[in-house]
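Chains as they are written, first to last, in our numbering: chain C, 1 to 462; chain F, 1 to 462.
Bear in mind the hints are in silico, worked out from the structure with no lab data behind them. One or more hints might be untrue.
Note that identical chains are pooled: a pair holds if it fits in a single copy or bridges any two copies.
With a Cα cut of at most 20 Å, we get these calculated SDA-like pairs of lysine to any residue [unchecked claim]:
1) 159 - 201
2) 427 - 265
3) 392 - 321
4) 392 - 138
5) 427 - 318
6) 37 - 231
Quick caveat: nothing in here was measured; it's all calculated off a predicted structure.
Single-letter residue listing:
2 protein chains.
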Amino acid sequence: MPSGEEVLTHEETERPWIALGDAFRDGDEAAVTESLKNLSHEEQRHAMAHLTGGEQAGIVELITASEAAQLLKHLPEAQAADILEEISPENAADIIEAMPEEVSADLLREMHQSESEALLAELDDADEADHLRELTSYAWDTAGGLMTQSYAAFVDDAKVGDVLSELSGEAERYGDMDVQYVYVTNASGQLRGVLRLRDLVLTPRSRPVQDIMQGEPVSVSVNDDFETLTQVFDDRSYIGLPVIDEQGIIIGVVTRQAVREANAEHQTEDYLHSAGILGGEELRSMPMLARCGRRLAWLGPNIVLNLIAASVIAMYEDTLQAVIALAVFLPIVSDMSGCSGNQAVAVSIRELTLGLIRPTEYMRIVWKEGILGMFNGFVLGCLLGLIAGIWKDNVYLGLVVGGALFLNTMLSVLLGGCVPLFLKRLKVDPALASGPILTTCTDMCGFFLVLNLASLALSKLV
Amino acid sequence: MPSGEEVLTHEETERPWIALGDAFRDGDEAAVTESLKNLSHEEQRHAMAHLTGGEQAGIVELITASEAAQLLKHLPEAQAADILEEISPENAADIIEAMPEEVSADLLREMHQSESEALLAELDDADEADHLRELTSYAWDTAGGLMTQSYAAFVDDAKVGDVLSELSGEAERYGDMDVQYVYVTNASGQLRGVLRLRDLVLTPRSRPVQDIMQGEPVSVSVNDDFETLTQVFDDRSYIGLPVIDEQGIIIGVVTRQAVREANAEHQTEDYLHSAGILGGEELRSMPMLARCGRRLAWLGPNIVLNLIAASVIAMYEDTLQAVIALAVFLPIVSDMSGCSGNQAVAVSIRELTLGLIRPTEYMRIVWKEGILGMFNGFVLGCLLGLIAGIWKDNVYLGLVVGGALFLNTMLSVLLGGCVPLFLKRLKVDPALASGPILTTCTDMCGFFLVLNLASLALSKLV
Numbered sequence: 001m002p003s004g005e006e007v008l009t010h011e012e013t014e015r016p017w018i019a020l021g022d023a024f025r026d027g028d029e030a031a032v033t034e035s036l037k038n039l040s041h042e043e044q045r046h047a048m049a050h051l052t053g054g055e056q057a058g059i060v061e062l063i064t065a066s067e068a069a070q071l072l073k074h075l076p077e078a079q080a081a082d083i084l085e086e087i088s089p090e091n092a093a094d095i096i097e098a099m100p101e102e103v104s105a106d107l108l109r110e111m112h113q114s115e116s117e118a119l120l121a122e123l124d125d126a127d128e129a130d131h132l133r134e135l136t137s138y139a140w141d142t143a144g145g146l147m148t149q150s151y152a153a154f155v156d157d158a159k160v161g162d163v164l165s166e167l168s169g170e171a172e173r174y175g176d177m178d179v180q181y182v183y184v185t186n187a188s189g190q191l192r193g194v195l196r197l198r199d200l201v202l203t204p205r206s207r208p209v210q211d212i213m214q215g216e217p218v219s220v221s222v223n224d225d226f227e228t229l230t231q232v233f234d235d236r237s238y239i240g241l242p243v244i245d246e247q248g249i250i251i252g253v254v255t256r257q258a259v260r261e262a263n264a265e266h267q268t269e270d271y272l273h274s275a276g277i278l279g280g281e282e283l284r285s286m287p288m289l290a291r292c293g294r295r296l297a298w299l300g301p302n303i304v305l306n307l308i309a310a311s312v313i314a315m316y317e318d319t320l321q322a323v324i325a326l327a328v329f330l331p332i333v334s335d336m337s338g339c340s341g342n343q344a345v346a347v348s349i350r351e352l353t354l355g356l357i358r359p360t361e362y363m364r365i366v367w368k369e370g371i372l373g374m375f376n377g378f379v380l381g382c383l384l385g386l387i388a389g390i391w392k393d394n395v396y397l398g399l400v401v402g403g404a405l406f407l408n409t410m411l412s413v414l415l416g417g418c419v420p421l422f423l424k425r426l427k428v429d430p431a432l433a434s435g436p437i438l439t440t441c442t443d444m445c446g447f448f449l450v451l452n453l454a455s456l457a458l459s460k461l462v
Numbered sequence: 001m002p003s004g005e006e007v008l009t010h011e012e013t014e015r016p017w018i019a020l021g022d023a024f025r026d027g028d029e030a031a032v033t034e035s036l037k038n039l040s041h042e043e044q045r046h047a048m049a050h051l052t053g054g055e056q057a058g059i060v061e062l063i064t065a066s067e068a069a070q071l072l073k074h075l076p077e078a079q080a081a082d083i084l085e086e087i088s089p090e091n092a093a094d095i096i097e098a099m100p101e102e103v104s105a106d107l108l109r110e111m112h113q114s115e116s117e118a119l120l121a122e123l124d125d126a127d128e129a130d131h132l133r134e135l136t137s138y139a140w141d142t143a144g145g146l147m148t149q150s151y152a153a154f155v156d157d158a159k160v161g162d163v164l165s166e167l168s169g170e171a172e173r174y175g176d177m178d179v180q181y182v183y184v185t186n187a188s189g190q191l192r193g194v195l196r197l198r199d200l201v202l203t204p205r206s207r208p209v210q211d212i213m214q215g216e217p218v219s220v221s222v223n224d225d226f227e228t229l230t231q232v233f234d235d236r237s238y239i240g241l242p243v244i245d246e247q248g249i250i251i252g253v254v255t256r257q258a259v260r261e262a263n264a265e266h267q268t269e270d271y272l273h274s275a276g277i278l279g280g281e282e283l284r285s286m287p288m289l290a291r292c293g294r295r296l297a298w299l300g301p302n303i304v305l306n307l308i309a310a311s312v313i314a315m316y317e318d319t320l321q322a323v324i325a326l327a328v329f330l331p332i333v334s335d336m337s338g339c340s341g342n343q344a345v346a347v348s349i350r351e352l353t354l355g356l357i358r359p360t361e362y363m364r365i366v367w368k369e370g371i372l373g374m375f376n377g378f379v380l381g382c383l384l385g386l387i388a389g390i391w392k393d394n395v396y397l398g399l400v401v402g403g404a405l406f407l408n409t410m411l412s413v414l415l416g417g418c419v420p421l422f423l424k425r426l427k428v429d430p431a432l433a434s435g436p437i438l439t440t441c442t443d444m445c446g447f448f449l450v451l452n453l454a455s456l457a458l459s460k461l462v
């Protein structure tokens, strides 16, 4: 049934959200399901991104809970969480129940506290709700937040044959799992050892698993943070490690893959933060006012910092009035130094991530960036000075502008190199705060250097 | 034996490179080996980063090839490749032979062509050299570049029992592998099916594997690019997929984990590119001149772009001379618009990565960013206009400055949103080029708007 909109038929395959949106507006459940089924996960994500938040929520309420669970699993987390907040808690609870626990926990963590509580209150199984509440309480990038609950564990006196037939019998349950290790616990669930599948296969089936388990298994604690996990997996070649709680009871498995994925998310966050996107991912399907507000939250403080920096210019209005050509070079000197400093920021953040530098090693930065800043500052200063000197046929203008860029470049690479270390020690995200701090300082100093040097050489410039 | 340097004993544990460097300078192989053995991989990386390129190479030449292989595996790839270029091709070849093939291929890919050729010529096994040459020829983020060669494959008439005992007998070889699937080929190596470990375990051992294999296995082609791989793993829940060549012969396995890691590397590259770090990772242990040159390669074109933008100011020197207060607001308007535009760039790059937007969907950007730009531009313009107006007690100055920021913000978010899509279509890296293009345009337009509006209202401003 065609909707009122103008639909270009030959573009329909390119714009799958049109069919999906039409089916939804017609309230045609079968058509919605059908139209989703015809799309790959990537096309589903693309299509959903082009519908409004209300339409997205409506579609999710229209289809069955298990279809909705499948759909949400492949959407960006921020979007899936928004949808769960939008629909009724009863429907959201049904969808959460149809998901693997770790996916549910990720989405609940992304939701507002009050909304996720309302959802959990609607779960049929109160134990399940408590369990999810506990999972949600772990920060997303800790062992508790990254662990999967899909793992195989057996009590130590279980027979090899029982374990093998259990594993095969429950093939469906273990099907999605990356079962490379099977864990062995004592009767109260405390981790005692680990079994390798290949050892299981070649052992007589009547022997108890404790005979062939590897004792004293390496494990991580549920509250271990991302840096600890990175280090543990870096130092050993395990694919996965058991996660234990305070009592030594195994409560999950964290895989190398999960840690890598968390690393990718951290990188993404760094990138978005450094560009001034705060408060989680921004998708253009989110409500306009929320997007405006979140971007302004970053721009607002920035305008204040910009005003502070530019106030330096106001203090030198007389100098500027006398040599108006300086106005051309003020933004160039401050911009170029900002660029040089940002390169140093990026290298410092990268070296911190790789563990090549510790947050206390300022002297190394001063040494390594100082020489580089002197060299690059000299090259760029000569270039800009030459251009300025030739343009106004005044060698002193060249010296002032070139000298200011030289000094300011040195300063900004030193600052750019050190600020991330300093922020890291203060436990402030370097990707988030380094840029504004650096830009404000290099703008101020750049303006000051150009105008102060000019006022010193004023008689030669006019 | 203490070296001539001043060594603070209580800091020695904090500065492991001192002991390592000392042992190396003494030419004491045992002490170097011992000192490396006492460090975790992360500490080794930290220590090596603090030595010069020459010292790093010297240490690698001093220890055994297998120790060196272990060490290099945990260093950043760029650093490991530099070391291999620095040492003699004979030594480098021994180290490459002691590494898993996929690690070797990654490092060879990172090296300069001539150096990697010299190394390959020194390999004892010419077939191995050809094989590595072939692996190195695949781009790092394609199926060929990401695949591992550690996989288990059996001919279709092999018996279940033989497969099981082969797998267990070669436990050592398969130990490091993520063997979740075992592949079945015909006699000429063409992929025919896939076996699941759990099916193997429960089948009578005398049956041939073709009876229990899953036929028509999903596979990827060796030249499949990163986007194809992402989509394949996105659409299916496989942990790994076989990689086949043009003849359908299985030549490797690409895992979901490898694709995720490649994604993390892409994110890192995006971040470094957007900050102006080109030509691969920069580490502060690299030679100073190379670091200066690579940073200048980005700064040089930038200074030209800056000059072009600032030339707008030169065209309005009279206006500026008349209303010198404008000089304070020129950098503010251009910086703030740049920040707003960069937010839009980051959201576009992110949405492109997630597949939420296609490179042709400009209208969506115009619509979504246009409204946002109007709103945020209005808020920021009012704020800055108010400040300007109150400062000089001139409502027209406020209107000029605020109006310019309003218009320029709208323009820059539109541009920032669209430029990444445009660059993506041109197959230019959006993270690399969006920033400079955006900044130049918003600087030019910002200067033009402020100064042109001011010259129109000049009589009211002076």
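Hint check, failures only: Violated hints: 4, 5; rest satisfied.
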